[in-house]
Every structure is written in structure tokens, then in C-alpha cells.
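Let the hints inform the model, and build the full structure from the sequences given.
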Amino acid sequence: MIQVNQRKNRDFQEFETLEDVINILKSQFASRKLYIKYAIDKTEVNINEYLPDGTMMLVTDPNYKNEGGGIIIYGLSDKYIEIDLDVVEERGPGYYHCKVNSARRALRGRRDLRFKVAPDDVVATNFRISRHTIDVSSFSIPTSIKVVLEQFQSQNSKMSDVVRVDVFKPDDRDRLLVQLKKTGQTLWIANTSEQESYKAMNDDFVDMGELYGDDLAAVMKRYIERGYKSILAVPIIYITESSSTVPFAYIQLISKGRNFTLDDVLLLKDHSFKLIDRIRDANTHLIPLHQRVIDISRGGAKLKITDKNLQKYIMRSKGFIFDLVFKLQAPITIFGEVKVSVIDEEGNLLVGVDFGGNSSRKDEMKRYYSILKPMETDYKAKLIKSMRDRKKETQPNPPTQ
1 MIQVNQRKNR DFQEFETLED VINILKSQFA SRKLYIKYAI DKTEVNINEY LPDGTMMLVT
61 DPNYKNEGGG IIIYGLSDKY IEIDLDVVEE RGPGYYHCKV NSARRALRGR RDLRFKVAPD
121 DVVATNFRIS RHTIDVSSFS IPTSIKVVLE QFQSQNSKMS DVVRVDVFKP DDRDRLLVQL
181 KKTGQTLWIA NTSEQESYKA MNDDFVDMGE LYGDDLAAVM KRYIERGYKS ILAVPIIYIT
241 ESSSTVPFAY IQLISKGRNF TLDDVLLLKD HSFKLIDRIR DANTHLIPLH QRVIDISRGG
301 AKLKITDKNL QKYIMRSKGF IFDLVFKLQA PITIFGEVKV SVIDEEGNLL VGVDFGGNSS
361 RKDEMKRYYS ILKPMETDYK AKLIKSMRDR KKETQPNPPT Q
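Anchor point for the sequence shown: position 118 equals 118 in my numbering, and the numbering is continuous, going up by one each time.
For the record, the hints were derived by calculation from the structure and aren't laboratory data. Mixed in with the good hints, there may be bad ones.
The calculated SDA-like cross-link candidates involving lysine to any residue, where the alpha carbons are at most 25 angstroms apart (straight line), are [stated by the list, open to error]:
1) Lys256 x Thr186
2) Lys79 x Asp120
3) Lys318 x Val122
4) Lys269 x Ala190
5) Lys158 x Asp171
6) Lys99 x Lys116
7) Lys37 x Gly54
8) Lys37 x Tyr64
9) Lys37 x Glu346
10) Lys366 x Glu376
11) Lys199 x Glu210
12) Lys169 x Arg278
13) Lys382 x Gly300
14) Lys116 x Ile72
15) Lys79 x Lys385
16) Lys169 x Ser317
17) Lys269 x Glu376
18) Lys33 x Ala381
19) Lys42 x Gly92
20) Lys380 x Asp295
And the structure:
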């Protein structure tokens with residue numbers, strides 16, 4: 001039984017009438033190929049006959065097995081087209097009588113040309129997948145990450161009189177913590193007794209005067225009464241594989257004997273970066289297996305994942321980092337956002353990914369495009385030749401004299 005999980009949907013415009021659907025099939029797909037969506041292998045389909053009642057006869061690979069009561073066919077003209085068909089009757093192997101249920105056209109044209117690649121052309125390997133997802137909405141932090149935070153606080157307890165490493169809570173009411181979580185800014189109060197110290201140096205710092213307004217005097221009084229001389233706080237900003245940022249925790253230093261300087265600010269920021277590296281290492285699986293690349297484009301690829309352990313992590317992941325290794329080329333590191341996943345009848349995972357985020361190596365995507373360009377050119381030449389041959393086959397023979 002095939003299992004399909006569509007993660008990311010296109011933006012579509014629905015066709016309004018059956019006549020519109022039939023017209024576009026006749027006018028734009030007489031010489032263009034149509035395929036069956038979610039078929040394990042790329043399965044071509046032809047419309048053999050348009051019947052007077054608006055139904056049609058479909059011909060495809062005799063080995064294709066329709067699992068349900070419907071078939072989705074798709075093709076590419078100026079835009080991506082997708083048509084839902086109800087199977088009225090299966091007339092024989094690969095031969096179906098169908099009626100149109102609905103149809104839609106993508107609002108934007110397909111970004112890139114996608115084509116099949118041979119197993120020895122390119123492989124996917126070195127998969128880096130997060131063990132856990134940090135839930136930004138609820139700030140549900142995995143235990144393994146909490147342990148890293150606790151270890152950091154214990155190992156750096158002598159940095160100041162008070163060292164606090166904690167996770168932001170979804171119900172935080174402290175204005176300062178809400179500001180740190182919302183903006184990712186740094187708090188630096190060099191001297192709690194001087195009002196000038198509560199102003200922000202630039203937009204990277206919290207302006208306590210703007211934040212507290214008329215309540216600032218009470219805040220100053222509270223700090224002084226508690227014996228606080230100087231205060232520093234930096235958010236811990238986790239960067240996901242797709243390069244989105246998640247401020248999920250913070251480090252706070254409180255001094256009762258000296259004033260923190262700008263050097264202290266930079267040192268604490270450096271500690272926060274090192275802490276993020278430790279968190280990422282603790283939260284990442286590295287799986288250095290070679291897996292098949294089925295097809296590829298400038299903007300994405302379809303991968304065939306046969307390893308059961310890797311399947312398990314990909315199925316619950318929004319995306320992952322991996323290396324593409326072309327023949328005789330150095331690895332190219334890419335982030336793939338999971339778009340759709342399919343479990344085939346043999347238990348393999350076919351996963352479609354969109355390339356996004358920033359590569360961890362300089363100019364990786366530029367190098368990727370340079371490798372792909374001659375492959376695209378070769379494929380386009382073959383595609384144009386195929387379309388010309390198909391057009392010749394569909395043209396009637398000239399009358400004999």
C-alpha cells in the first residue's frame with residue numbers, strides 16, 4: 001500500500017468548467033506529456049479518446065495499479081496543471097474510462113526544469129537531521145538541550161555574582177524577557193545607579209527607558225536595593241537548518257561589585273555562540289549513508305531513502321541538511337525542505353525536497369548551478385527532439401497522388 005504525505009502545497013487556481021479543462025488538454029497537451037501523480041515511477045499517461053459526454057479514455061503502463069477510485073494526472077505547459085479524475089471503469093490493464101472531478105492551474109510557473117539522473121551521476125549523503133524540533137510557540141525544549149543549558153550554567157558559575165541560564169516561557173510577563181525573546185536584543189546596564197546606562201547604544205540593545213517609560217525609576221530603585229551594580233543579558237538564538245532564527249533561552253549576568261564593559265558584552269555573546277554550537281551538536285544526527293537521487297533541478301530534488309533509520313528521522317522532520325556528490329566533484333552542502341513524501345510498496349521512502357536556506361560553505365549554490373547547467377542543456381535538447389518526434393507522429397500523412 002502506497003502512503004503519501006503532502007507537506008507543502010502549491011498555490012492553485014481552480015478551473016471553473018469542464019469545457020475549460022477539455023480545451024486546455026486538447027490545445028496544450030496534444031504533444032506534451034501527462035503523468036500520473038504519486039506513481040512510484042514516473043508514469044506517462046495518454047488521453048486516447050474524448051467522449052461526447054465529457055468523459056475520456058486514458059491509456060498508461062499496463063503494470064500501473066490504481067489503488068483507489070481516482071487518478072490524478074499532471075503536466076507542464078506554461079504553468080503546472082493538475083486534474084483529478086474519477087475512474088468510471090477499468091477496461092483493461094492500463095486502460096481507464098474516466099470523468100473529470102476537478103482541475104487546477106498553478107498561479108506561478110514552475111521555477112525550474114527537473115530531470116532524471118542516473119545512479120552514478122549524483123548521490124545524496126551525509127544527512128544532518130535534528131533529533132528534536134524546538135517548538136517556538138510553546139517553547140517546549142527537549143531534555144537533552146536542557147541538560148546542555150544546565151551544564152553551561154554550572155561550568156560558568158564564576159563568570160559573575162549571579163549567572164542565570166534559562167528558557168523563555170510562553171507566559172512570561174516580565175517586560176524585559178518578552179523584549180529579549182521578541183527582538184533578540186542584548187541588555188547592557190553598565191551602572192544601575194546612572195540613568196544614562198539604561199539607554200541603548202544602538203538597535204542591537206534594549207532601550208530600558210523606552211521599554212519601561214514612567215516605570216523606569218521603580219526598576220532602577222529595585223536593582224539598587226538588591227545590590228545589583230551592573231547587568232548583562234543575551235538571548236540564546238538557535239539557528240535552524242533552514243537558517244530561520246529561534247530565540248528560545250537567555251544568559252543573564254548580574255554583578256554586585258564591578259561594572260560590565262563592552263568587552264564583557266562581546267565575551268558573553270561569544271559564549272552564547274559556543275553554547276549554540278554545543279546545542280546543535282547535541283540535537284543533530286549525522287547519517288553518512290549514500291542514497292539515490294531520482295531527479296533533480298536547480299530548486300529541488302527527489303530522493304529515494306532505503307535506510308529505515310534515516311526514513312524515521314526524515315518522516316518527522318520539516319527539512320534537513322545533506323550533501324550532493326556529483327561524479328568527480330567535491331560535495332555540495334544543501335538544505336532540503338520536505339515538500340512531499342511517499343512510501344512505496346517496497347517500503348522505500350521517496351521524498352521531494354525544495355532547496356533553501358544558506359549553505360554552510362561559501363558559493364555552494366553557485367558551484368551547484370555550474371555543474372547542473374550542462375546537464376540541463378543536454379536534457380532540453382533531448383526533450384525538444386522527443387516533442388518534435390511526437391508531433392510528427394500525430395500529424396496525418398499527406399494524401400498520395
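Status of the hints after comparison with the structure:
1. Lys256 x Thr186: OK: Lys256 and Thr186 at ~20 angstroms, within 25 angstroms.
2. Lys79 x Asp120: Answer violated: Lys79 to Asp120 is near 31 angstroms, above 25 angstroms.
3. Lys318 x Val122: The hint holds at about 23 angstroms.
4. Lys269 x Ala190: holds, 16 angstroms
5. Lys158 x Asp171: violated, 30 angstroms
6. Lys99 x Lys116: Roughly 31 angstroms between the alpha carbons, so the hint for Lys99 and Lys116 is violated.
7. Lys37 x Gly54: Distance ~22 angstroms between Lys37 and Gly54 Cα, so the pair holds.
8. Lys37 x Tyr64: The hint holds at about 12 angstroms.
9. Lys37 x Glu346: Given that 25 angstroms is the threshold and the Cα spacing comes to 18 angstroms, the pair holds.
10. Lys366 x Glu376: Given that 25 angstroms is the threshold and the Cα spacing comes to 15 angstroms, the pair holds.
11. Lys199 x Glu210: Holds, at roughly 8 angstroms.
12. Lys169 x Arg278: Judged against 25 angstroms, a Cα distance of about 22 angstroms means the pair holds.
13. Lys382 x Gly300: Within the cut-off at roughly 21 angstroms; holds.
14. Lys116 x Ile72: Measuring from Cα to Cα gives roughly 21 angstroms; hence the hint holds.
15. Lys79 x Lys385: holds, 21 angstroms
16. Lys169 x Ser317: holds, 24 angstroms
17. Lys269 x Glu376: violated, 45 angstroms
18. Lys33 x Ala381: Status holds; Cα separation ~16 angstroms.
19. Lys42 x Gly92: holds, 20 angstroms
20. Lys380 x Asp295: holds, 14 angstroms
In terms of the numbered hints stated before, the structure departs from hints 2, 5, 6 and 17, listed from lowest to highest.
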